[in-house]
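Please model the complete structure; the sequences and the hints are all you need to start from.
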Amino acid sequence: MFWIRTGENYQTKTNQDFGQAPFWINDDTFGYVRLEGGTRWEVVFATLGQDSRETAFEPSDLEAQLPEEQRLTRLSIALVEPAGSSGE
Amino acid sequence: MVIGQPYRDTKEIVHIFEYDIVSDSIRLVTDSETIDAVDLSPGGAILAGRNYDSDVNRWNYQLFDMCEGLLDTVFLNENGIALYNPNSDWSPDGKAILAIDQGIMYLYDLESGRDYRVQFPQPGCYEAIWVNPD
Numbered sequence: 059m060f061w062i063r064t065g066e067n068y069q070t071k072t073n074q075d076f077g078q079a080p081f082w083i084n085d086d087t088f089g090y091v092r093l094e095g096g097t098r099w100e101v102v103f104a105t106l107g108q109d110s111r112e113t114a115f116e117p118s119d120l121e122a123q124l125p126e127e128q129r130l131t132r133l134s135i136a137l138v139e140p141a142g143s144s145g146e
Numbered sequence: 026m027v028i029g030q031p032y033r034d035t036k037e038i039v040h041i042f043e044y045d046i047v048s049d050s051i052r053l054v055t056d057s058e059t060i061d062a063v064d065l066s067p068g069g070a071i072l073a074g075r076n077y078d079s080d081v082n083r084w085n086y087q088l089f090d091m092c093e094g095l096l097d098t099v100f101l102n103e104n105g106i107a108l109y110n111p112n113s114d115w116s117p118d119g120k121a122i123l124a125i126d127q128g129i130m131y132l133y134d135l136e137s138g139r140d141y142r143v144q145f146p147q148p149g150c151y152e153a154i155w156v157n158p159d
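Quick mapping for you: the protein sequence lines, in order, are chains X and B. Just remember that the working numbering sits 58 ahead of the position in the first sequence, which is counted from 1. Just remember that the working numbering sits 25 ahead of the position in the second sequence, which is counted from 1.
These aren't lab readings, by the way, just hints derived from the structure by calculation. The beta carbon of each residue, even a glycine, is placed where N, CA and C say it ideally should be. Among the hints, erroneous ones may be present.
Said to hold, decoys possible - With a straight-line Cα cutoff of 20 angstroms, these simulated SDA-like cross-link-like pairs (lysine to any residue) come out:
#1 B:K120 with B:D159
#2 B:K120 with X:L93
#3 B:K120 with B:P158
#4 B:K120 with X:A141
#5 B:K120 with B:D140
Stated by the list, open to error - Per label pair, the in silico range of CB-to-CB distance:
#6 X:E126 with B:G149: 44 to 54 angstroms
#7 B:S48 with X:W82: 39 to 49 angstroms
#8 B:S79 with X:N67: 18 to 28 angstroms
#9 B:Y32 with X:E126: 12 to 22 angstroms
#10 B:S50 with X:R98: 19 to 29 angstroms
#11 B:G138 with X:N73: 41 to 51 angstroms
#12 B:P148 with X:F103: 39 to 49 angstroms
#13 X:D109 with B:V81: 43 to 53 angstroms
#14 B:S48 with X:D109: 25 to 35 angstroms
#15 X:I62 with B:E93: 33 to 43 angstroms
#16 B:N82 with X:D109: 43 to 53 angstroms
#17 X:S110 with B:R52: 34 to 44 angstroms
#18 B:G94 with X:F103: 38 to 48 angstroms
#19 X:I62 with B:F145: 35 to 45 angstroms
Stated by the list, open to error - To be clear about the criterion: a stretch of chain X counts as covered by chain B if any three or more of its residues have a C-beta under 8 angstroms from a C-beta of chain B, and this derived list gives those stretches:
#20 60-73
#21 78-88
Printed below as a string of structure tokens:
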């Protein structure tokens with residue numbers, strides 16, 4: 059579970075979702091790796107103040123990019139890091 | 026940047042992908058042995074990270090060009106051995122990496138492809154960060 063704190067002195071705590079590796083895309087939009095249905099990881103985007111989630115991609119989308127001989131095992135999403143988030 | 030890790034892969038090869046949020050497309054960049062402590066350069070052109078070379082049983086600190094794949098293995102000592110556990114940080118302009126290992130600070134200059142020891146051992150120091158490009 060992760061949550062977001064907003065408001066004065068960050069006192070407002072909003073539970074978000076079951077997931078990991080959250081990252082910001084801009085001041086309003088963030089993404090994270092979500093455990094969908096307790097069995098499947100996917101990367102989703104969300105907007106502050108809205109409950110809806112947009113699925114960006116899931117492991118099968120990654121697997122589809124591999125050469126055929128490497129598609130024998132399923133992939134998990136181990137880590138996501140947005141460009142521009144480092145060194146700032 | 027996305028790292029996909031196969032379930033139950035005994036060789037622990039991971040795949041490094043790039044997801045373009047504008048075009049909603051995914052591209053395989055390269056493969057690597059298990060990698061951690063990853064750090065994308067500002068702008069996302071180069072990925073730095075620590076990975077394990079199972080052939081010689083040691084950790085390396087490597088740079089991956091997000092277009093070309095493996096770029097360089099950096100932060101080797103005079104015997105060609107990688108720093109044990111470097112904590113690193115890209116400069117804000119993406120031209121250099123600071124790393125600190127066992128109290129010694131190193132600087133890798135991307136343009137020259139060389140790294141330098143910039144500080145003698147300082148017991149207790151374990152992390153270096155950039156404040157501005159200089």
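Structure-based check of each hint:
Only pairs whose Cα atoms come within 20 angstroms are accepted, and K120 (chain B) paired with D159 (chain B) is accepted, the gap being roughly 11 angstroms. Under the criterion of a C-alpha separation no larger than 20 angstroms, the hint pairing K120 (chain B) with L93 (chain X) is inconsistent with the structure, at around 37 angstroms. In summary, the hint linking K120 (chain B) to P158 (chain B) is supported, as the alpha carbons are separated by about 9 angstroms, within the 20 angstroms threshold. Distance check on the hinted pair: K120 (chain B) and A141 (chain X) sit about 15 angstroms apart at the alpha-carbon level, within 20 angstroms; holds.
Restraint check: the Cα-Cα separation between K120 (chain B) and D140 (chain B) comes to about 12 angstroms, which is no more than 20 angstroms; the hinted pair holds. Judged by the Cβ atoms, the range 44 to 54 angstroms given for E126 (chain X) and G149 (chain B) holds: they are separated by roughly 52 angstroms. The hinted window of 39 to 49 angstroms between S48 (chain B) and W82 (chain X) is violated, with their beta carbons roughly 20 angstroms apart. Between S79 (chain B) and N67 (chain X) the Cβ separation comes to about 49 angstroms, which falls outside the hinted range of 18 to 28 angstroms.
Distance hint check for Y32 (chain B) and E126 (chain X): the Cβ-Cβ separation is about 18 angstroms, which falls inside the suggested range of 12 to 22 angstroms. Restraint check, S50 (chain B) to R98 (chain X): a C-beta distance of roughly 21 angstroms satisfies the suggested window 19 to 29 angstroms. Look at G138 (chain B) against N73 (chain X): about 47 angstroms separates their beta carbons, and that is inside 41 to 51 angstroms. For P148 (chain B) and F103 (chain X), the hinted distance range of 39 to 49 angstroms is satisfied, since their beta carbons lie about 45 angstroms from each other.
The given range of 43 to 53 angstroms is respected by D109 (chain X) and V81 (chain B), whose C-beta atoms sit roughly 50 angstroms from each other. The hinted window of 25 to 35 angstroms between S48 (chain B) and D109 (chain X) holds, with their beta carbons roughly 27 angstroms apart. Hint check: I62 (chain X) to E93 (chain B), Cβ distance near 37 angstroms, so the stated range 33 to 43 angstroms holds. A hinted range of 43 to 53 angstroms for the beta carbons of N82 (chain B) and D109 (chain X) is consistent with their spacing of about 49 angstroms.
In this structure the hint that S110 (chain X) and R52 (chain B) lie 34 to 44 angstroms apart at CB is violated, the actual value being about 27 angstroms. For G94 (chain B) paired with F103 (chain X), a C-beta distance near 28 angstroms fails the hint of 38 to 48 angstroms. Checked against the given bound of 35 to 45 angstroms, the beta carbons of I62 (chain X) and F145 (chain B), roughly 43 angstroms apart, stay inside it. Against chain B, the segment 60-73 of chain X contributes 0 residues with a C-beta closer than 8 angstroms to a partner C-beta. That does not satisfy the three-residue criterion, and the hint is violated.
Interface restraint, the segment 78-88 of chain X with chain B: violated (1 residues with C-beta to C-beta distance below 8 angstroms; minimum three).
Comparing the model with each earlier hint shows violations of hints 2, 7, 8, 17, 18, 20, 21; every other hint is respected.
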